[in-house]
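As you go down the protein sequences, you meet chains A and B in turn.
Counting from 1419, one number per residue, gives the positions in the first sequence under the working numbering.
Counting from 208, one number per residue, gives the positions in the second sequence under the working numbering.
Where hints are given, some of them may not hold.
Unchecked claim - Computed list of chain B residues with no C-beta within reach of chain A, every gap over 10 Å:
(1) 220
(2) 224
(3) 299
(4) 303
(5) 388
(6) 411
(7) 522
(8) 606
As the list claims (entries may be wrong) - Not the full set, but computed from the structure, chain B residues with beta-carbon under 10 Å of chain A:
(9) 208
(10) 525
(11) 527
Don't read these hints as lab results, they were simulated from the structure.
Note that beta-carbon positions come from the ideal geometry of N, C-alpha and C, so glycine has one too.
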Amino acid sequence: MSVNAAASISSADVPLQCNDIHRYLGEEESRVHVLRGVSLQLQSGCVHAIVGPSGCGKSSLLYIMGLLDRPDGGRIMLGDEAVEGLTDDQISFRRNEHIGFVFQFHFLMHEFTAQENVMIPMRRLGRLSLREMQERAAMLLEMVGLGDKIRRNSQHLSGGEQQRVAIARSLANDPQVLLADEPTGNLDTANSERVFHLLTDLVRRQRKALLLVTHNSEVAGASDWIHEMKDGELIACTAGRPR
Amino acid sequence: MTPPLFIAMRFIGYRKRAILLSLTGVILGVAFYICAQAQTQGFERFFIKGALGTSGAIVIENRFQSLHTDILTRTAPGILTLGHEKPRKFYEGITDPERLMRAVRDFSNVAGCAPVLEGNAALATDFRQEVFRVQGIDLDLHLKTSALREQIVSGSIEDFQVKPAGLILGFGIADKMRTHVGQDVGLIGPDGEHRTFRVCALFQTGNLFIDEKYGYIHLKAAQSLLQRPFGVSHLMVKLRDPARAPALAAHFERLFQHRSRSWQDRERGSLQVFKLIGVSAAITVSTIILLAGFGIFNILTLMVMDKVREIAVLRSMGYRRRDISAIFLWQGFLVALMGSLLGCLLGAVLTYGISQIPVDIKGFLTTKRFLVHWSATDYLAATVIAFVAIFLASYFPARRAARLAPVDILRGSGQ
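Using the sequences and the hints given, assemble the complete structure.
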């Protein structure tokens, strides 16, 4: 929800927020002001959908909130910590620990099995032993309905299954925030519903915050909050009708 | 296992055929480098061994006297010039070898010291007559200082020892003069008198120049033959550490006022040729490793281009720039490691095989087999060259991968 709309929410319930974000892309004459003072708070246990026409800045906002890109102005708070002073390595560590990404194209690594793909973020964090990582990856794959395919090479899975592996991978380090860029954009209706249901169910049960960029009106409508963007600005924030 | 190493081990199989081709290049490059160095060093060591065994590590010869001008000389009206050293005056040979040998033996690095009286004499056989270099030796001291005993290929030292008119001839000259052990030959000195000597043994150093030109007789016989009843031509000195010969030779020269030459100085020309051949072989063979490195560079550069999405996703999962870089550097490291290990193994097998090839070289060196030298340094050098070449080949693709901006890749990922 927008900052003003959620002023009363405590910081413990807001794992990620941005305030007055500006971002320019391109150089000189082709320079475009893609984000114009965007502010947003992600609330734990809620699904936030960003909708809007192509090129309005949805993905740019997602990448900035995912700490993959740095804004030209404004502030990002990860929990109580301001991100702007952190080094590239520190930001990478925060991303590894606190943020999980799901992309439109699953981007699994074909050299690895489903289980190994899920373990990749855990290996970077390095908190679990190999056995613990294997067990957790198996548990996450079980949770997304792929318990019988953990040792299957990722390229031998269907599109929907690959996207579910990608969701399991995004949960590998138990992040507070999930960011999804058109997670259902490349799936058929049945798989699209299944993936969205899986994500929303996770958010509610595990009290995570989910920000998803979507063009799918049904997906957006089923979210807790719908943020409408136009020309780099959030122009409306409305409550959805979660199922 | 670090996460980048784990990923690198899977990525390395991505372009299996190309990687195997480059790996083969590294293996062959390392093996050929080792082989080439083993051969050049084998011949060089053989030559050095011959030089040390024949003339010792240091040869102390003519006495000299340093001459100096007066401290101050008037060179022009009103101009005084400071004194300086004039060209040395040399006196042939060593007049008191016993005293000099006592002094030389006091040095801890000296393992042996022997006097030699050398001069030209004519060797006359039934076949022909030819001038050669005859060396008068004190056999006991000479055996302790030289490798003469090991160089005997026919006859016996003991026979020579008991015969005052005994002669040990170089294998080459004996062959040329068609003489053999047990035969009597004539030696004619500067006085023109014909003296009969018995050929007791033949030696072969492997250096044809020595084997075709030299012969040994007892010191007393040489003094009589060469008409030089006092003194000797030079002292040959054996060292425990021949590598330190140049410094000790310089010290001897200052101390004893006798010209002293180390084996490195005496054989400088030949040693430089060996060095040049070694360097030339190393450069030639290293190009194979460099070409393999170029192959690795191409493979990794293509891999970075093919794997941009994976790189972007790894960055989104919290992998740092240096982790991305490490994935590609590890791949280079693995190729270098496998290439070096297998290359060293193949190099050892090839070196052994070459050492068993029968050859019949007669010339600058004489040998019946290919000479090789087993040196851990060659294996280390080949490994270092392989690692450096492949590190450089991996570094630039790795740096490029680390610099990729994940957002730019993810933005264009749908296309």
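Here is how each hint holds up against the structure:
no.	hint	in the structure
1	220	violated (7 Å)
2	224	holds (16 Å)
3	299	holds (78 Å)
4	303	holds (78 Å)
5	388	holds (74 Å)
6	411	holds (63 Å)
7	522	violated (7 Å)
8	606	holds (15 Å)
9	208	holds (9 Å)
10	525	holds (2 Å)
11	527	holds (4 Å)
Of the hints listed earlier, those the structure fails to meet are numbers 1, 7, in rising order.
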